[in-house]
Each structure stands twice: as C-alpha cells, then as structure tokens.
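If you read the protein sequences in the order shown, they are chains L and R.
Counting from 1 along the first sequence, just add 7 to a position and that's the residue number in this note's numbering.
Counting from 1 along the second sequence, just add 361 to a position and that's the residue number in this note's numbering.
These aren't lab readings, by the way, just hints derived from the structure by calculation.
Mixed in with the good hints there might be a few duds.
Derived list of chain L stretches under chain R, where covered just means 3 residues or more per stretch with a C-beta under 8 Å from a C-beta of chain R [stated by the list, open to error]: (1) 183–189; (2) 387–401; (3) 420–427.
Quick reminder that beta carbons are idealized off the backbone N, C-alpha and C, glycines included.
The chain contents come next:
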Amino acid sequence: MGVLDGLALGFETAFTPTNLLFCLIGVALGTAVGVLPGIGPTATMGMLLPITFGFDPVTSLIMLAGIYYGAQYGGSTTAILINLPGESSAAVTAIDGHEMAKRGRAGKALATAALGSFFAGTVATVVVALVATPISRAALNFGPAEFFSLIVLGLIASITLASGSTLKALAMIVLGLLLGTVGQDLGTGVPRFTFGVPELYQGLQFVSLAVGLFGVAEIIRNLEGDMTRSVMVEKVEKLRLEREDFRRIRMPVLRGTALGSVLGVLPGAGHVLASFVSYSVEKRASKHPEEFGKGAIEGVAGPESANNAAAQTSFIPLLTLGLPANSIMALLVGALLIQGIVPGPNVINDEPELFWGLIVSFWIGNLFLVLLNLPLIGVWVKMLTIPYRWLFPAIIAFAAIGTYSLNRNPYDVYAIAFFAILGYVLIKLGCEPAPLLLGFVLGPLLEENLRRALTISRGDATVFVTRPLSLTLLLLAAVAFVVAVLPAVRRKREVVFEEED
Amino acid sequence: MTLRDARKDLLAGAVFIGFGLAFAVTATTYEVGTLLRMGPGFFPLALGGILVVLGVLIAVTGFLAASGGEIGTVPWRALVLLLAAILFFGSTVRDLGLVPALFVAVLLASFAGRGVRLVPALFIAVALTALSVLIFVYALQLRLSLLGPWLGG
Numbered sequence: 008m009g010v011l012d013g014l015a016l017g018f019e020t021a022f023t024p025t026n027l028l029f030c031l032i033g034v035a036l037g038t039a040v041g042v043l044p045g046i047g048p049t050a051t052m053g054m055l056l057p058i059t060f061g062f063d064p065v066t067s068l069i070m071l072a073g074i075y076y077g078a079q080y081g082g083s084t085t086a087i088l089i090n091l092p093g094e095s096s097a098a099v100t101a102i103d104g105h106e107m108a109k110r111g112r113a114g115k116a117l118a119t120a121a122l123g124s125f126f127a128g129t130v131a132t133v134v135v136a137l138v139a140t141p142i143s144r145a146a147l148n149f150g151p152a153e154f155f156s157l158i159v160l161g162l163i164a165s166i167t168l169a170s171g172s173t174l175k176a177l178a179m180i181v182l183g184l185l186l187g188t189v190g191q192d193l194g195t196g197v198p199r200f201t202f203g204v205p206e207l208y209q210g211l212q213f214v215s216l217a218v219g220l221f222g223v224a225e226i227i228r229n230l231e232g233d234m235t236r237s238v239m240v241e242k243v244e245k246l247r248l249e250r251e252d253f254r255r256i257r258m259p260v261l262r263g264t265a266l267g268s269v270l271g272v273l274p275g276a277g278h279v280l281a282s283f284v285s286y287s288v289e290k291r292a293s294k295h296p297e298e299f300g301k302g303a304i305e306g307v308a309g310p311e312s313a314n315n316a317a318a319q320t321s322f323i324p325l326l327t328l329g330l331p332a333n334s335i336m337a338l339l340v341g342a343l344l345i346q347g348i349v350p351g352p353n354v355i356n357d358e359p360e361l362f363w364g365l366i367v368s369f370w371i372g373n374l375f376l377v378l379l380n381l382p383l384i385g386v387w388v389k390m391l392t393i394p395y396r397w398l399f400p401a402i403i404a405f406a407a408i409g410t411y412s413l414n415r416n417p418y419d420v421y422a423i424a425f426f427a428i429l430g431y432v433l434i435k436l437g438c439e440p441a442p443l444l445l446g447f448v449l450g451p452l453l454e455e456n457l458r459r460a461l462t463i464s465r466g467d468a469t470v471f472v473t474r475p476l477s478l479t480l481l482l483l484a485a486v487a488f489v490v491a492v493l494p495a496v497r498r499k500r501e502v503v504f505e506e507e508d
Numbered sequence: 362m363t364l365r366d367a368r369k370d371l372l373a374g375a376v377f378i379g380f381g382l383a384f385a386v387t388a389t390t391y392e393v394g395t396l397l398r399m400g401p402g403f404f405p406l407a408l409g410g411i412l413v414v415l416g417v418l419i420a421v422t423g424f425l426a427a428s429g430g431e432i433g434t435v436p437w438r439a440l441v442l443l444l445a446a447i448l449f450f451g452s453t454v455r456d457l458g459l460v461p462a463l464f465v466a467v468l469l470a471s472f473a474g475r476g477v478r479l480v481p482a483l484f485i486a487v488a489l490t491a492l493s494v495l496i497f498v499y500a501l502q503l504r505l506s507l508l509g510p511w512l513g514g
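Construct all of the structure, not just a fragment, from the sequences and the given hints.
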C-alpha cells in the first residue's frame with residue numbers, strides 16, 4: 008500500500024464520529040494532566056488503559072496517544088504561565104516563555120507555542136507516514152537473533168539519554184526484566200516467583216506497575232513537602248501574533264521541527280533532548296543572543312516545535328519494530344497486547360486501519376489542541392487552582408478501580424501498593440523509574456527471542472555476533488553504552504583532579 | 362569520605378543486590394537447562410546475577426564518590442494511609458462492593474494530606490465515590506457491583 012492510499016484509509020478511519028470523539032477526549036485529558044501538577048501522562052494512560060479494553064483497537068490507541076501529545080501542550084502552558092513545566096520537555100520553554108509572560112506577553116508566548124507545535128506536529132506526522140513502511144519492511148527480515156539484539160539496543164540506548172547514574176538506570180532495567188518474569192513461563196508453563204498464588208500465574212499486571220510507579224509513588228513524593236501552592240497566573244491577553252512575530256519565529260519553528268523529527272526517534276528522552284538542542288541552536292543562530300533568557304520569542308518557538316515533532320516521531324520505533332522508545336510507548340505496547348495485537352513490523356500490513364488511522368489522528372489531535380488551547384486557555388488556567396488534597400485521592404480512586412476492572416483480580420490492586428513502595432524507595436535513592444517499566448514490558452520479548460534464537464542455532468551462543476545485522480545492532484548498543492558512561496567518567500575525573508589540587 | 366555521604370548509593374546497591382539474590386536463588390529451584398533447551402530458571406538466574414553485579418558496582422562507586430546527598434524526609438503517615446487505602450480497596454471490593462470499598466479507600470487516602478479535617482475528608486470521599494460510580498459504572502459500563510455479597514448486593 009502506498010503512502011497516499013494509506014493516508015486515505017487513515018482519514019477514513021480517523022474521521023468516524025467515535026474516533027474523532029475519543030481523539031478529542033484524549034487530547035483534552037492530556038492537556039489537563041499536563042497542566043495539573045503531580046500527575047503525568049504515564050500514570051493517566053495506565054489508569055485509563057483498562058477501560059480501553061472494550062474499545063476498538065484503533066479507538067483505544069487514538070485516545071491513549073492523544074493523552075501523550077496533549078500532555079506536551081499542557082506542560083508548555085504551565086511552563087509559560089507559572090514557570091512550572093508540567094513535562095520535562097517543557098523545562099526549556101519555561102526559560103523564555105515565562106519571561107515573556109512576566110512582561111505581559113503571555114498571550115503571544117502561548118500562541119507561538121501552539122502554532123509552532125501544530126506546524127511541527129503536522130510535518131512530523133508526514134515524516135512518520137513516509138519512513139514507517141520502508142523501516143518495517145526491512146524489519147520483516149529480522150530473525151529472533153536480530154530482535155534480541157534490537158531489544159538490547161533499545162534498552163541500552165534508552166538510558167543513554169536518561170539523567171542521573173547510568174549504573175542505576177541499567178540496574179533498573181534489569182530489575183524490570185526480572186519482574187517481567189513473574190508468572191507462568193511461556194516456554195515451559197512452569198510458574199515462576201508466584202509463591203504458590205494462582206492469581207499471580209498471569210504475571211504482574213503492568214497497569215499496576217505503571218500506576219504504582221508513576222502515580223502513587225509520585226503522590227507520596229509530593230506529600231513530602233507542602234503542596235499548598237499559591238498560583239500567581241499572569242493575565243493572558245493578546246493572543247494574536249503580528250507580522251513581525253511571524254518573521255521572527257519562522258526559522259526557529261522550521262529548525263525545531265527538523266531537529267525534533269530526527270531526535271524523536273531516539274530511545275529514551277528524545278523529546279527532551281530535542282527541545283534542549285533546539286534552544287541552544289536558536290541561541291547560537293540568533294542575531295540577538297542577549298535576549299535569550301529575557302523573553303526571546305525564538306526561545307519558545309524552537310523548543311516547542313522540536314518537542315512536539317519529537318513526540319510524533321517517537322512513535323516510529325513502536326509502529327515499525329514494536330520497540331517502545333520510552334515509558335509512554337511501553338504503555339502503548341501494553342494497550343496493543345490487551346487488544347490481542349502483537350506490536351512489530353507486521354502491524355502496518357496486518358492492521359492497516361490501526362496504523363494509518365493512528366497517524367492521521369495525530370494530525371487531527373494537533374488541530375484539536377490548537378482549538379482547545381488558544382480560545383479555551385482560561386479553562387486550563389482555572390484548573391491550576393484545584394487543590395492537591397482533592398487531586399490525589401481522585402488519582403488513588405481511579406487507579407484502584409481501573410486496575411481492578413482489568414481482570415477483577417485483587418492481586419493486581421495489591422501490586423499497585425507493592426510497586427508504589429518499590430518506586431518510592433528507588434526514586435528516593437536516586438533511581439529513575441522509567442527504565443524499570445521499559446525493562447518490564449520488554450522482558451518477556453527478550454527472553455522469548457533469546458530462546459528462539461538459540462533453539463534455531465542449536466545452542467550456539469555465537470549466533471548473535473555471527474549474523475551481520477545482529478552484530479551491528481549489538482555494536483551500536485555497545486557504542487550507546489560507552490556514550491552513556493563517558494560523561495560520568497569525565498565528571499569522576501574532574502572530582503579526582505579537584506582533590507589533587 | 363564518610364558512609365553518611367554515600368548512603369543513598371549504598372542503600373540503592375543493597376536493594377538491587379537483595380532483589381538480584383532473591384531472584385537468582387529462587388531461579389535455581391527451577392530447571393536451568395542448557396543454551397539449546399533453556400529451562401524456566403535460565404533467564405532469571407542470569408539476570409539475577411547481573412543485577413547483583415550492578416548492585417555491587419553502584420555501592421562501590423557510590424562509596425568512592427561519596428556524593429549521594431540527603432535522602433530527605435519520608436511522609437510516613439501519608440505513605441501508610443495511601444497503601445492502606447489501596448490494600449483495603451483490593452481486599453474488599455469483591456465482597457463489599459464498589460461503593461463501600463471505594464468510600465473507605467478515598468477517606469483513608471484523603472487523610473494523607475496535611476491538616477485535613479474530618480468533614481472535608483468525608484465530603485471528598487462522598488463526591489469522589491459518586492463521581493467514580495457515574496464514570497465507571499454508568500458512563501463506561503464496567504460491570505462492577507455497587508454493593509457486594511456481604512451487603513446483600
């Protein structure tokens with residue numbers, strides 16, 4: 008199927024009233040959780056995943072994806088208005104966006120963010136449509152050995168961009184892989200680590216893991232401090248951009264879109280990296296670098312375009328290889344598996360409605376976001392005044408009901424508590440939770456491909472390095488690992504040198 | 362260089378070593394098998410071993426760098442109340458039904474906040490229970506019984 012036929016099918020699929028409605032619900036919810044502090048898209052998607060069980064697969068994915076990129080918009084809104092980036096990729100936007108707001112140009116900053124994001128989202132959607140088919144076709148030749156190496160590459164690369172200690176991130180991945188082995192072994196049917204509890208034979212629910220780790224653990228973190236915020240929101244007016252503004256944001260938006268489209272494909276925090284790189288590029292390219300940090304409109308236009316473009320292209324590894332690049336994509340893998348669809352290179356051919364419908368829905372969702380965010384900005388600002396003591400019991404309630412409704416298994420609910428404690432302790436000890444989720448989701452795939460590859464090679468472990476493609480992927484993983492370790496090495500050296508001085 | 366400065370990394374290392382050992386030791390009770398015919402114990406045993414090594418590395422590098430920083434306060438009351446809320450819901454939703462299980466869970470959870478008094482907490486619990494029933498039972502049509510067998514539902 009050509010790209011044009013595909014897009015036509017996509018429009019047909021995405022433009023049904025149901026799918027339009029759930030796209031709208033998704034992006035609206037996403038904007039809300041992006042604006043609200045203390046709850047992010049990962050926890051929200053985890054909570055809503057069980058209820059999508061009864062949906063059509065396309066509808067379910069359209070809504071869940073909408074939550075993800077909707078949250079990026081919402082995060083930028085709070086970054087600009089109250090200097091509180093709801094999403095890590097919006098941290099850069101806060102620098103100049105909030106300065107603009109302090110100088111009475113909040114409206115312009117919001118309009119720039121929305122229009123830049125819309126443009127970037129549109130272009131990136133086309134990029135996804137164009138590159139997905141060839142990549143998935145190439146991946147059809149992958150055998151189990153290649154998939155094993157690809158998953159290893161994905162896991163290692165995802166920590167290259169993570170903040171904090173590489174060793175800890177690596178340990179979190181391995182712990183996630185191990186937790187993923189709980190339950191009946193697919194190869195032999197032997198129950199593992201179930202303590203004789205039949206309810207655990209199906210394994211730990213990854214919905215429990217997602218809401219425990221990203222929802223409840225986060226609430227406990229927030230309750231450490233005083234969450235009574237007094238929100239001082241700058242007045243929002245003059246949303247219109249003038250000709251001069253358009254002239255200034257034109258190039259930053261284009262450059263941001265290009266950067267974001269490329270960097271978004273990287274596993275891990277590709278969209279965060281994209282917005283940071285875009286900001287420094289704009290600062291360097293500007294004729295007035297001294298304006299940066301004091302409300303330069305370019306400092307909003309570039310990073311905002313970059314992070315939204317990256318949010319779209321980060322779907323490429325998932326849709327073409329079945330490989331989730333970050334914890335959000337890992338949740339979407341879960342959503343697909345619940346629907347009985349195994350993510351991988353076959354999805355484009357076997358489920359064309361799903362693939363193209365989702366891509367077209369990105370574009371529709373971005374359009375909804377512009378409409379939702381610019382005229383209705385007042386509503387989102389109001390949401391900031393919801394007190395946290397209301398919010399967190401609601402999160403607990405929805406998390407518990409959502410998880411229970413999946414299988415009516417009390418152990419799934421108990422698992423939330425387990426993962427909340429585990430997540431809280433590990434976060435306290437300086438470990439990022441995202442790699443654990445990624446490892447958990449990819450664990451069964453990794454084990455299955457390892458087994459199959461070794462069965463095919465008659466137990467010869469060198470199969471991973473004698474097949475050229477597998478070797479290449481493993482070498483790339485090694486490079487990614489070295490890159491991840493290097494800055495740490497450098498920092499350690501600096502510490503040593505300081506002590507010697 | 363003191364133990365106090367490195368305790369974050371030392372504790373993190375200990376957690377990983379603990380999990381790694383637990384998984385690896387349990388895995389040996391399953392059939393490990395060979396590379397050609399992998400038993401159920403193979404993968405967890407290998408990973409458990411890797412996790413122990415990583416845990417040791419984290420603890421050692423943390424001890425050498427000694428720059429972990431403070432762990433900070435732990436909101437014990439909130440922690441206990443939130444977990445109690447979740448466990449209560451999980452253990453009673455089937456037999457008590459959605460409404461009572463959720464009401465008590467939300468009430469417990471809302472006391473996790475600071476300076477919460479009884480009346481506002483009751484109000485939050487009533488409002489959230491009603492909202493959840495509306496969303497999950499009426500709008501989304503999840504088949505959850507409002508009152509369970511213990512209450513004659």
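Hints versus structure:
1. Coverage of the segment 183–189 of chain L by chain R holds. Counting CB-CB distances below 8 Å, 3 residues qualify, and the rule asks for three or more.
2. Here the segment 387–401 of chain L counts 6 residues with a CB under 8 Å from a CB of chain R, which clears the bar of 3, and the coverage holds.
3. Here's how the segment 420–427 of chain L fares: 5 of its residues keep a CB closer than 8 Å to some CB of chain R, so the rule of at least three is met and the hint holds.
The structure meets every hint from the earlier list without exception.
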